[in-house]
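*Asks:* So the protein lines, in turn, are chains D and H. So the first sequence is residues 9 to 120, counted in this note's numbering. So the second sequence is residues 17 to 130, counted in this note's numbering.
Simulated from the structure, these hints should not be mistaken for lab results. This structure is a prediction, so every number in the text was calculated from the model and none was measured. Keep in mind that the hints are not guaranteed to be accurate.
Short derived list, chain D residues pointing at chain H, Cβ under 10 Å [to be verified]:
| # | residue |
| --- | --- |
| 1 | 12 |
| 2 | 14 |
| 3 | 51 |
| 4 | 52 |
| 5 | 57 |
| 6 | 66 |
| 7 | 67 |
| 8 | 72 |
| 9 | 98 |
| 10 | 100 |
| 11 | 108 |
| 12 | 111 |
Yeah, the Cβ is synthetic: ideal placement off N, Cα and C, and Gly gets one too.
Here is how the chains run, residue by residue.
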Amino acid sequence: NAGVTQTPKFQVLKTGQSMTLQCAQDMNHEYMSWYRQDPGMGLRLIHYSVGAGITDQGEVPNGYNVSRSTTEDFPLRLLSAAPSQTSVYFCASSLQGNYGYTFGSGTRLTVV
Amino acid sequence: QQQVKQSPQSLIVQKGGIPIINCAYENTAFDYFPWYQQFPGKGPALLIAIRPDVSEKKEGRFTISFNKSAKQFSLHIMDSQPGDSATYFCAATGGGGSNYKLTFGKGTLLTVNP
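Produce the complete structure using the sequences and hints provided.
*Replies:* Here it is in structure tokens:
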């Protein structure tokens with residue numbers, strides 16, 4: 009049972025490049041979310057999904073896209089990377105929305 | 017608009033002390049209040065959670081106190097140990113169709129000295 013798996017763990021991008029952060033869970037959780045963590049800012053919700061084919065925006069969605077074609081996978085796409093997107097990104101999943109979320113180990117992204 | 021306010025930002029205690037971290041919320045529709053513990057380089061991990069129908073919940077050395085009328089809740093760590101040194105986040109969710117969006121406080125960096 010791997011839980012929530014995020015890849016890659018580290019990534020450096022140049023401004024304007026695009027990339028996809030991968031997230032997979034093997035717990036058959038319906039709810040999945042992407043957060044970014046910045047110093048002194050806590051964790052802020054980027055996008056979330058309540059099931060395959062259903063996604064919606066969170067608090068800071070600009071510059072990011074998501075899709076949910078399967079229950080297991082919830083990739084986060086950076087369309088055109090900007091230095092302001094330098095952050096640590098966490099994917100999380102939950103069986104039910106108002107129960108505990110399980111977090112992945114994060115992707116540390118640097119945009120130069 | 018910060019819906020969950022957490023204090024203090026940092027906290028240093030001696031081993032055996034009882035650190036207390038406080039959170040206040042604004043949205044009265046919130047109905048689930050978890051606390052997460054995060055070690056450096058790791059993702060947050062669920063520590064303990066409470067719902068507003070109880071005023072206190074204990075799990076081992078960790079206790080949540082909840083004051084619904086004041087819209088406040090706090091985490092107490094009894095007999096704190098150096099291994100408890102981590103960042104702690106309070107969070108809240110709930111409110112009809114929004115029960116899947118966690119709103120986090122900004123975190124408290126706890127240091128427990130030996």
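*Asks:* Taking the hints in turn, state whether each one holds.
*Replies:* Hints, verified against the model:
For residue 12 (chain D), the interface hint holds, the least distance from its beta-carbon to any beta-carbon of chain H being 8 Å, beneath 10 Å. Checking residue 14 (chain D) against chain H: minimum C-beta separation of about 8 Å stays under 10 Å; hint holds. Taken as an interface hint, residue 51 (chain D) checks out: its beta carbon lies about 5 Å from the nearest beta carbon of chain H, inside 10 Å. With a least beta-carbon distance of about 8 Å to chain H, the hint placing residue 52 (chain D) at the interface is held under the 10 Å criterion.
This hint holds: residue 57 (chain D) has a C-beta 9 Å from the nearest C-beta of chain H, less than the 10 Å allowed. The interface hint given for residue 66 (chain D) holds, since its Cβ lies 7 Å from the closest Cβ of chain H, which is under the 10 Å cut-off. Interface hint at residue 67 (chain D): satisfied, since its Cβ lies 8 Å from the closest Cβ of chain H, which is below the 10 Å cut-off. Hint on residue 72 (chain D) is violated. Least Cβ distance to chain H is approximately 16 Å, over the 10 Å limit.
At a threshold of 10 Å, the smallest CB-CB gap from residue 98 (chain D) to chain H is about 5 Å, leaving the interface hint in force. Given hint, residue 100 (chain D) at the interface with chain H, holds; its Cβ is 8 Å from that chain's nearest Cβ, closer than 10 Å. Checking residue 108 (chain D) against chain H: minimum C-beta separation of about 4 Å stays under 10 Å; hint holds. Taking 10 Å as the C-beta contact cut-off toward chain H, the hint placing residue 111 (chain D) at the interface holds, the least distance being around 4 Å.
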